[in-house]
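Enquirer: Letter by letter, the chains look like this.
Number of protein chains: 2
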Amino acid sequence: MVVDLTKKLDKIFHERARLGVMSILIASAEGVSFSELAKKLELTRGNLSVHIRVLEDNGYVESKKEFVDRKPRTTFRVTKSGRKAFEEYLKLLEQIVKSVGK
Amino acid sequence: MVVDLTKKLDKIFHERARLGVMSILIASAEGVSFSELAKKLELTRGNLSVHIRVLEDNGYVESKKEFVDRKPRTTFRVTKSGRKAFEEYLKLLEQIVKSVGK
Chain A
1 MVVDLTKKLD KIFHERARLG VMSILIASAE GVSFSELAKK LELTRGNLSV
51 HIRVLEDNGY VESKKEFVDR KPRTTFRVTK SGRKAFEEYL KLLEQIVKSV
101 GK
Chain B
1 MVVDLTKKLD KIFHERARLG VMSILIASAE GVSFSELAKK LELTRGNLSV
51 HIRVLEDNGY VESKKEFVDR KPRTTFRVTK SGRKAFEEYL KLLEQIVKSV
101 GK
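Those protein sequences? They're chains A and B, same order as listed.
Residue numbers are given in this note's numbering: position 72 of the first sequence equals residue 72, and the series is strictly consecutive.
Residue numbers are given in this note's numbering: position 102 of the second sequence equals residue 102, and the series is strictly consecutive.
It cannot be assumed that every hint is accurate.
Note: identical chains are not told apart, hence a pair may lie in one copy or across any two.
[Said to hold, decoys possible] Derived DMTMM-like pairs: lysine to aspartate or glutamate, alpha-carbon spacing no greater than 20 Å straight-line:
{"hint": "1", "residue 1": "K8", "residue 2": "E94"}
{"hint": "2", "residue 1": "K40", "residue 2": "D4"}
{"hint": "3", "residue 1": "K8", "residue 2": "E42"}
{"hint": "4", "residue 1": "K7", "residue 2": "E42"}
{"hint": "5", "residue 1": "K7", "residue 2": "E36"}
{"hint": "6", "residue 1": "K98", "residue 2": "E66"}
{"hint": "7", "residue 1": "K39", "residue 2": "D4"}
{"hint": "8", "residue 1": "K7", "residue 2": "E94"}
Since the hints were derived computationally from the structure, they do not count as laboratory data.
It should be emphasised that the depicted structure is a prediction, and the values quoted were computed from it without experimental measurement.
Just chain A, same shape as in the assembly:
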């Protein structure tokens, strides 16, 4: 039943901003900077921080701090388990869309 599928949806990913973050990160092998994420997602730094934190706390995203032109830059990338969990989430979404659309 469709409703049983919706219950399984990963709470962490099933949020617009975090779905946006994951969509951007999953496509990038080398990682994406905090500023770039904020710009692409049109989120304030504060708001983005909260969502990134949730993803990091769940081990789906990891960060790297470095200095570029003497300025600190934080880059984020998807972890292996993040990629796996997100793929499962997308599969589930696909099943839901198909089942409801019947």
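Chain A is fixed; fit chain B onto it per the hints.
Expert: Chain B in isolation, oriented as in the chain A frame:
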């Protein structure tokens, strides 16, 4: 770009419980009672009320009160605009899944 699609996702539908409510209601022409919804979704009455209210306030769901065996029963069904908006939401989800999965 995928992220532009995620921004368009209907906030009202993009929540697990409400996605569950809509999945159940969309499949029923005659409507579904509050108790049945709560049971299928495994939600408390209080929690379900909140989500139904959001859907009603947005004109996506309508309710009907009647007496069955002298007991009051509230039945919910999807409105025409609710069906349309939900179909758009599903289309968008499908596009996101396809774009991210590439």
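Enquirer: Treating 20 Å as the Cα threshold, decide for K39 and D4: within, between, both or neither.
Expert: The answer is between: 12 Å across copies meets 20 Å, while 36 Å in one copy does not.
Enquirer: With identical chains treated as interchangeable, where does the CA-CA distance between K98 and E66 reach 20 Å or less: within a copy, between copies, both, or neither?
Expert: Result: close neither inside a copy nor across copies, 44 Å intra and 34 Å inter.
Enquirer: Classify it for me, K7 with E36: is the Cα-Cα distance of at most 20 Å met within a copy, between copies, both or neither?
Expert: between (33 Å within a copy, 16 Å between copies)
Enquirer: From the Cα coordinates, with 20 Å as the cut-off, is the pair K7 and E42 best called within, between, both, or neither?
Expert: between (29 Å within a copy, 9 Å between copies)
Enquirer: Is it within, between, both or neither when you check K40 against D4 at 20 Å Cα-Cα?
Expert: Between copies, since 9 Å is at most 20 Å while 33 Å is not.
Enquirer: Can you give me the call for K7 and E94, within, between, both or neither, at a CA distance of at most 20 Å?
Expert: For K7 and E94, both the intra-copy (14 Å) and inter-copy (19 Å) Cα distances are at most 20 Å.
Enquirer: Quick one: K8 to E42, C-alpha cut-off 20 Å, is that within a copy, between copies, both, or neither?
Expert: between (29 Å within a copy, 12 Å between copies)
Enquirer: Treating 20 Å as the Cα threshold, decide for K8 and E94: within, between, both or neither.
Expert: both (13 Å within a copy, 18 Å between copies)
When the structure is compared with the earlier hints, a violation turns up for hint 6 alone.
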